[in-house]
Each structure stands twice: as structure tokens, then as C-alpha cells.
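Letter by letter, the chains look like this.
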Amino acid sequence: MAEKKKTCELFDCGHRACGGCGAALTARLVMQAAGTETIVVNSTGCMEVFSTPYPETAWKVPWIHSLFENASAVASGIEASLKKQGRKEKIVIMAGDGATFDIGMICISGAFERGHDFAYICYDNEAYMNTGIQRSGATPYDASTTTSPAGTCSFGNRRPKKDMPAILAAHGAPYIATASIAYPADLKQKVEKAINTPGPCYVQVHAPCCTGWGFEGDQTIAIAKLAIETGLWVNFEMVDGKVTKVKKVVRKPVEEYLKTQKRFRHLFKPKRQDAEIALIQAIADRNAGKYGLDINLRKE
Amino acid sequence: MMEITEGSHAVAEAVRLCRPQVVSAYPITPQTHIVEALADFVANGKLDAEYITVENELSALSACVGASAAGSRTYSATTSQGLLLMTEVVFNAAGMRLPIVMSIANRAVGAPLSIWNDMQDSISLRDAGWLQFYAEDNQEATDLHFLAYKVAESKEIQLPVFVCFDGFILSHTYEPIDMLLQEQVDQYLPKFDPAEKLDAKDPISFGMYATPEYYLEFRYEMDQAQKRAKDVIAKAGKEFGTMFGRDYSALTVGYLLDDAETVIVAMGSVCGTVKDAIDEMRAAGKKVGLLKIRVFRPFPSEEIAKALSKVKRVAVLDKNISLGAKGGATAIEVRDAMYGSMIPVKGYVLGLGGRDIRKKDIKEIVSLCENGIGDQFYGLRKELI
Amino acid sequence: MTLAVGCRARPGKSRDNKTGSWRVFKPSFDHEKCSKCGMCQTLCPEGCVHEDAEGFFDPDFTYCKGCGICATECPKEAIAMNQEEK
Numbered sequence: 000m001a002e003k004k005k006t007c008e009l010f011d012c013g014h015r016a017c018g019g020c021g022a023a024l025t026a027r028l029v030m031q032a033a034g035t036e037t038i039v040v041n042s043t044g045c046m047e048v049f050s051t052p053y054p055e056t057a058w059k060v061p062w063i064h065s066l067f068e069n070a071s072a073v074a075s076g077i078e079a080s081l082k083k084q085g086r087k088e089k090i091v092i093m094a095g096d097g098a099t100f101d102i103g104m105i106c107i108s109g110a111f112e113r114g115h116d117f118a119y120i121c122y123d124n125e126a127y128m129n130t131g132i133q134r135s136g137a138t139p140y141d142a143s144t145t146t147s148p149a150g151t152c153s154f155g156n157r158r159p160k161k162d163m164p165a166i167l168a169a170h171g172a173p174y175i176a177t178a179s180i181a182y183p184a185d186l187k188q189k190v191e192k193a194i195n196t197p198g199p200c201y202v203q204v205h206a207p208c209c210t211g212w213g214f215e216g217d218q219t220i221a222i223a224k225l226a227i228e229t230g231l232w233v234n235f236e237m238v239d240g241k242v243t244k245v246k247k248v249v250r251k252p253v254e255e256y257l258k259t260q261k262r263f264r265h266l267f268k269p270k271r272q273d274a275e276i277a278l279i280q281a282i283a284d285r286n287a288g289k290y291g292l293d294i295n296l297r298k299e
Numbered sequence: 000m001m002e003i004t005e006g007s008h009a010v011a012e013a014v015r016l017c018r019p020q021v022v023s024a025y026p027i028t029p030q031t032h033i034v035e036a037l038a039d040f041v042a043n044g045k046l047d048a049e050y051i052t053v054e055n056e057l058s059a060l061s062a063c064v065g066a067s068a069a070g071s072r073t074y075s076a077t078t079s080q081g082l083l084l085m086t087e088v089v090f091n092a093a094g095m096r097l098p099i100v101m102s103i104a105n106r107a108v109g110a111p112l113s114i115w116n117d118m119q120d121s122i123s124l125r126d127a128g129w130l131q132f133y134a135e136d137n138q139e140a141t142d143l144h145f146l147a148y149k150v151a152e153s154k155e156i157q158l159p160v161f162v163c164f165d166g167f168i169l170s171h172t173y174e175p176i177d178m179l180l181q182e183q184v185d186q187y188l189p190k191f192d193p194a195e196k197l198d199a200k201d202p203i204s205f206g207m208y209a210t211p212e213y214y215l216e217f218r219y220e221m222d223q224a225q226k227r228a229k230d231v232i233a234k235a236g237k238e239f240g241t242m243f244g245r246d247y248s249a250l251t252v253g254y255l256l257d258d259a260e261t262v263i264v265a266m267g268s269v270c271g272t273v274k275d276a277i278d279e280m281r282a283a284g285k286k287v288g289l290l291k292i293r294v295f296r297p298f299p300s301e302e303i304a305k306a307l308s309k310v311k312r313v314a315v316l317d318k319n320i321s322l323g324a325k326g327g328a329t330a331i332e333v334r335d336a337m338y339g340s341m342i343p344v345k346g347y348v349l350g351l352g353g354r355d356i357r358k359k360d361i362k363e364i365v366s367l368c369e370n371g372i373g374d375q376f377y378g379l380r381k382e383l384i
Numbered sequence: 000m001t002l003a004v005g006c007r008a009r010p011g012k013s014r015d016n017k018t019g020s021w022r023v024f025k026p027s028f029d030h031e032k033c034s035k036c037g038m039c040q041t042l043c044p045e046g047c048v049h050e051d052a053e054g055f056f057d058p059d060f061t062y063c064k065g066c067g068i069c070a071t072e073c074p075k076e077a078i079a080m081n082q083e084e085k
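Protein chains in written order, with numbering that gives the first Met the number 0: chain A, 0 to 299; chain B, 0 to 384; chain C, 0 to 85.
Honestly, the hints are just simulated from the structure, not real lab data. Owing to the predicted nature of the structure, the values given are computational and were not obtained by experimental measurement. Hints are not guaranteed to be accurate.
Below, a list of computed lysine-lysine pairs in the DSS-like style, where the Cα atoms sit at most 30 angstroms apart [stated by the list, open to error]:
hint, chain 1, residue 1, chain 2, residue 2
1, A, 244, A, 289
2, A, 87, B, 358
3, C, 17, A, 87
4, A, 251, A, 161
5, A, 59, C, 32
6, C, 17, B, 200
7, C, 32, A, 187
8, A, 187, B, 200
9, A, 258, C, 25
Non-contacting residues of chain B with respect to chain C, defined by C-beta distances greater than 12 angstroms in every case (computed) [what the hints assert, rightly or not]:
hint, residue
10, 95
11, 285
12, 312
13, 369
Chain C is faced by these chain A residues, among others (derived, beta-carbon under 7 angstroms) [stated by the list, open to error]:
hint, residue
14, 8
15, 11
16, 13
17, 14
18, 23
19, 54
20, 55
21, 165
22, 182
23, 183
24, 187
25, 210
26, 213
27, 214
28, 217
Note that the Cβ used here is the ideal one computed from N, Cα and C, for glycine as well.
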């Protein structure tokens, strides 16, 4: 075998993420975009837990974990300190959807309102995964989690995803983007933009979870692609609150995405739930309308 | 330099002289004057700091965690409800061994809501790992901030510190203060230079998680740091005395202890009232003394046992209550310090929610103690219950 | 080993955890079919796929968890997953 080329990974091997973990890939890709002059602030959650069981740390940049809800506030303090010390490191917050959409709302709102300079990367696996798959504000409609389980009287989570990008746009964030591990080059570009745009910037990364969503680990990227191709996840950019770029797709019916995951199995077994599937299709259709997703194929 | 100033402003000036690089502020009565004064300093170029107006107290202390970990001396202030709201961060900051100093303008906790003074807030967090200093007057409130940073930042300690002083009674009262000059504070308190910080030049992971194989030892190390703090306080306090004439080496301070038969143990501003009452009781022939606790964490068990070894009885005043236990925190811990001696220790819970404590109350408590009556609330309005 | 104050650590020790022991399925990389696109390296959640001097790719089996993403995503189907014999 020929000699190996040196690669510098700032998120090291030996971490304890599940095989096929979307969040682990997110961490790797974000760090490739961020580089060595970065301080990472990590909320409690899967990423923090699988990367730092004392004394093993997978992080090769300065990294801090405080609590579940306060990464934005900790980052605010770091930013102030770096300013006083005349230091140039960039601050990247890494937080799951639970930490971002729910428990961290107060701290995020305050930090964005004050306009601190950092990039907030939310790895969105659409539930509280580290605690064993519980419903969060990011859990999509009809997804089964342990606290929104499908059952004889329930189709699972009853609420649509909270629109975090819109909330942060309302705070005046200069740059906001959604991204997916299915499109790693695009993800890295957006993370770089978020890091290099002064002010509080936000990138929400779709990071499918094989353990929590119920699919085989080798399907992580394929499922992330399907989310975009069905219109249930939209990749876009917002500059100063206005949507500037959208990834257009030739849309597939949502069923192709839903049937790949155990968290939506109750929509098909024991009985097909056409009404519920139609409601989910309506969500995708609304996304398509709102963001102009559809590539119109015209037969000449 | 002597000045007559409000307690809050004296504290703000002391903090200013310590040159914090990052100050985070959320208003709450009766601390608000401190953060307002600091904002004023920053706005007028008297304090070269980043001032973060956070959106809640949890963020106030979290910003300090970030700033301290990144290598800055940092400061915040709170009380009562604010302290309870940031409780998660209080435990977190101590466990992360960050030398943050926070002023607590002691105030009662709800429910029921009360803005007035007692010590329930800081006392309720005595398990968290922060050192706790309690000021008797505004001079102590001022000086204890210099001591706090020095002790917190020492390599042997690396634990955060509460500097506690009674809300309204001290924070809003004008007293003569001998305020140190900038050159003096710079001499006493060197620049903050942590051995480890968030720095791309030497990447470190802060705040990892500990499995059962390691957690116990991490907590043990914190307890050891608390135990080492006694000597570090003694050294730093003595140095302060040598340089500025006021010695803070002692964790407890006696007043007319030598031949006392009854000793009152107390913390905070009530000690002033106690001393006045003692003077009057002494004039009437009663041998009463005071043992003031200035440092509550680490708890000065040996010092208390030694100081009280020859007395006839002990009356412990608590402006706090551990509901469901046998009284307030100080009485419980003093009794533990006196374990093995036959000297009776009686606790009195009083002054909660700002209920005034007068000289005659102290005298009455001494009488109760002499008659073996204690371990109760003092000063209840019988007509209400 | 003495404890680090405040539960901190410098980089490197995650490598003590040889996650290759987790594997059930093992990837085999066929360089004949490989087009050197690098997607396997890009998409590996472990970051354990390395490029050699000729531009081909191989996993580091010390850390490869056998998740199979590389095999699924390889545009040339140059990676096969086989049950590992232990």
C-alpha cells in the first residue's frame, strides 16, 4: 500500500458516536471549515458526550462545555474576553436541536439580540437523542419519539418544526443558512461564511440519526438527500433576513422519505395512514411554495 | 483614601480597582446600584472592560464562565431570585475551577417574594464549592473583594468566591470607607494569568464529562482546595494587613471573647448591633462576647471549637432557615464544630425577610440562652400565628 | 495518572479508544474501480479514511466502525462491506 498523505483533522478519531452518526460527520466538516484558530463552545448533548469522556477528548482546538442551555451566553463571555485581549480566534457554537430550539432559547435570544460575533451551528437530528430520543421543538410532524410515541391513540408528534431561522432573522442575524451533511461542500461553504461574517450567524445542519430515526447507519447520507429531495428539509441562505439562495429540487413524494425510517413506520403499518401522509405532503408543498423549491421540467 | 459612600458604590469602586476585563450585569434589587455604577465607569472611561447586559442571571454567570475560561478576570453581582436562577451555573463554575468573583447583596428568597435582607440566598448554595465571605460593614464589603480575587486566582485554589453583604442594610447605607488607590490594588493583586485557558496556541478541552471512575476524585479535589483555602486566606489576608493596615487573615473574629460566659455567633451586619448590645450588657455586668464568622466556606470548624472551648453557652444567630431541619445553617454547623464538648449550643432564626434586629432583641436572646431556651424562631408576631 | 484540575484535557487521548473493535462489517476498497473522488474520506464520520501518495483511499481499521456510509455513497461502487471474521 502506498504511503498515506497527511490529513489534519481537528475532530479526531476514537470518539464514541454511533457508527454512521450524522452529528459526528457534522463536527468533522464544521472543523474542516473552521480551522485551528477556533474556539468551540459545545452544549450538552450527543456531540459533547461522545467526544469528551474524561480523559479522552476528540477536539484538537480549544473547546468548552458548560451546560445544556447556556452555550450562547458562554460564547458571549468568550467573545468579550477575546476583544479585551486583542485576540483573533473565531468562536463556533455547536449545539443540538434540543439545546437550540428549546432549552437554549433565552440565552440564544439574548446573545443574538446583543449582536456578539460568533457562528452558531445547530446539528439538527430532530429530537433529544443523547437522552434516548425524546421530542424537541425540532421534531417533525408525526415523528414517533419516546415522549411523542405513536400508539393506538396517537400518530406521534403533533406539531411542525419550529422555524428557528425565521426567529433568528427577526433578531437581525446578518447571515443564516440551512445545510445538510448530504451536501458537504455546501455545508462547509456556509459554515465558513457564518464564521467570517461579523455578528451572530446561524447554520442549521440536518444531521440524520440512525439510532433515533430507525435506519441502518450506511443510509445516513442517502436519507439526508431524500429529506431535501422531498422538500421536507430546505437548504437555503438568508442575508440580512432575506432569503438569497435556495437549493431547488425535482421533488419526490414525501412517502419515499418517510418509509425509510422506523420513526414514521406507524404511517404505513399496521395500516396506511393516507390522511396523515397527506398532511406531511402539505408541509413539503408549503415549503416548495415558500422557498420556490421546484425545478419545473418542461417537455419541449 | 477616606470617603463617605453608599455600600453598592464602594463595592463597584473596589471591583473597578481590580481591573476586570469582562463584567456581566443583570439588575436585581438590591444589587442594581452596583451594576449601574460599573456601567457608568465604563461609559466614562474609568473602567476598561467589556460590559455585557445579559438577558437573565443564568446568562450573567455563564458569560463569566466563558470570559474566565478564555483568560479574563471577570465579575458579576446578584442576589436572591437571581442567584437561585443561576444555581446550575454556580455549581458548574466551581466544578470547572474558574476564579470568578461575584457580589451577593443578600436578600430573602421567595415565595413569598421579599426584596428585604436575610442570608437565605447565599447560604442555600453553601454546597456548591464557592468560597463564601461575609461582610460586617461596608469597609469589609469593599476590602473582601480584593481578598476574593487574590484567593480565587491562586494556583492552589482556583475556586470562585461569593462576597456577601446584607442587602439594603449595607448595600444602600452610606458609611465612611477607606478606599485603596489603584497603585495599591495593582501591587496587591497581580494581573490574572491562568496556567490554562481557551487558546488556539495550546488547545484544551474544558468541562469534559466524568464517568463514575473519575467523578468522586474530582469532587474530592475541590474539597481539598476548600481546605487549602484557609491557609491561602490567612496569607493573603495578612499581606493585606501588612500593606494597608487591615488584617483579614482570620476566618473568625472575636469581640470580648476572653472571659465571656455567653458567646453569640453571628455573620454579617447584625454583628454591629450585637457588639453595641454586648457593650451595654457588659456595662450591666454580663460577660457576653461575639464570635463573628467572616468566612463561611470553608467553614472554620477548628477555629470555632477553639474559640468557644471555655465558654458556658453559645447562642447562634441565623438569618436563614433550613426548613425541616433543626434551625439555620450556621447553628447546625457550629453545633457540629462543637461536637464532643458539653457546652450547650442554641440556635435562633431571626431577621428573615428584613425583620429588624435591635439591641434589645440581642439581649433577650442572651437571656433565653441563659435559661436554656433556644433552637427556635425568634421575634415571631404571636398575633399572626 | 493524576487528575487534571477542572476536568480538562489536551488533545490526543481519544485515539486511545480503538473504535475499530466495534465493527461487525468491514469495508474493502477496490482501487481498480476507484475514481479518486474522495467522497469516502469526506463522508466518513470517523475521519479515518486516508488518501495515499497515489491518490487512492483506504480506511484506518484501528478506528473504522464499519458503518458502511463509504460503501453506500461511493459513486463507483468500489467499496464492499463484508461480515468480519473475528
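Each hint, compared with the structure:
1. Between residue 244 (chain A) and residue 289 (chain A) the CA atoms are separated by roughly 13 angstroms; this keeps the pair inside 30 angstroms, and the hint holds.
2. Restraint check for residue 87 (chain A) and residue 358 (chain B): not satisfied, since their Cα atoms lie roughly 59 angstroms apart, outside the 30 angstroms limit.
3. Between residue 17 (chain C) and residue 87 (chain A), the direct Cα distance comes to roughly 35 angstroms. Violation of the 30 angstroms bound is thereby established for this hinted pair.
4. This hinted pair checks out: residue 251 (chain A) and residue 161 (chain A) have alpha carbons roughly 23 angstroms apart, not beyond 30 angstroms.
5. With a C-alpha separation of about 34 angstroms, the suggested pair residue 59 (chain A) and residue 32 (chain C) falls outside the 30 angstroms cut-off, and the hint is violated.
6. Taking the CA atoms of residue 17 (chain C) and residue 200 (chain B), the gap is about 27 angstroms. The hint holds against a cut of 30 angstroms.
7. At most 30 angstroms may separate the alpha-carbon atoms for a hinted pair to count; residue 32 (chain C) and residue 187 (chain A) meet this at roughly 28 angstroms.
8. At most 30 angstroms may separate the alpha-carbon atoms for a hinted pair to count; residue 187 (chain A) and residue 200 (chain B) meet this at roughly 24 angstroms.
9. For a cut-off of 30 angstroms, the pair hint linking residue 258 (chain A) to residue 25 (chain C) stands: about 27 angstroms separates their Cα positions.
10. Distance check for residue 95 (chain B) against chain C: the nearest CB is about 5 angstroms away, which does not clear 12 angstroms, and the non-interface claim fails.
11. A cut-off of 12 angstroms between C-beta atoms confirms that residue 285 (chain B) is not in contact with chain C; the least separation is 50 angstroms.
12. For residue 312 (chain B), the condition that its CB be more than 12 angstroms from all CB atoms of chain C holds, with the nearest at approximately 43 angstroms.
13. At the 12 angstroms boundary, the C-beta of residue 369 (chain B) stays outside the reach of chain C, the nearest C-beta of that chain being 49 angstroms off.
14. At its closest, the beta carbon of residue 8 (chain A) sits 4 angstroms from a beta carbon of chain C; the interface hint therefore holds under the 7 angstroms criterion.
15. This hint holds: residue 11 (chain A) has a C-beta 5 angstroms from the nearest C-beta of chain C, less than the 7 angstroms allowed.
16. Evaluation of the residue 13 (chain A) hint against chain C yields a held restraint, the C-beta minimum of about 4 angstroms falling below 7 angstroms.
17. A least Cβ separation of about 6 angstroms between residue 14 (chain A) and chain C falls short of the 7 angstroms threshold, and the interface hint therefore holds.
18. Hint status for residue 23 (chain A) relative to chain C: holds, with the closest Cβ pair at about 4 angstroms, below 7 angstroms.
19. Restraint check, residue 54 (chain A) versus chain C: the minimum CB separation of about 5 angstroms is within 7 angstroms; hint holds.
20. At its closest, the beta carbon of residue 55 (chain A) sits 4 angstroms from a beta carbon of chain C; the interface hint therefore holds under the 7 angstroms criterion.
21. For residue 165 (chain A), the interface hint is violated, since its Cβ never comes within 7 angstroms of a Cβ in chain C; the closest pair sits about 30 angstroms apart.
22. Restraint check, residue 182 (chain A) versus chain C: the minimum CB separation of about 11 angstroms is more than 7 angstroms; hint violated.
23. Given the 7 angstroms rule on beta carbons, the hint for residue 183 (chain A) holds: about 5 angstroms separates it from the nearest Cβ of chain C.
24. Taking 7 angstroms as the C-beta cut-off, the interface hint given for residue 187 (chain A) is violated, the closest approach to chain C being about 9 angstroms.
25. Look at residue 210 (chain A): its Cβ only gets to about 11 angstroms from chain C, farther than 7 angstroms, so that hint breaks.
26. A cut of 7 angstroms between beta carbons decides the hint on residue 213 (chain A): the least distance to chain C is about 15 angstroms, and the hint is violated.
27. Given hint, residue 214 (chain A) at the interface with chain C, is violated; its Cβ is 11 angstroms from that chain's nearest Cβ, farther than 7 angstroms.
28. Contact between residue 217 (chain A) and chain C, as hinted, is supported at the beta carbon level, the nearest pair being about 3 angstroms apart and thus within 7 angstroms.
Violated hints, listed in ascending order, are 2, 3, 5, 10, 21, 22, 24, 25, 26, 27; each of the other numbered hints is respected by the structure.
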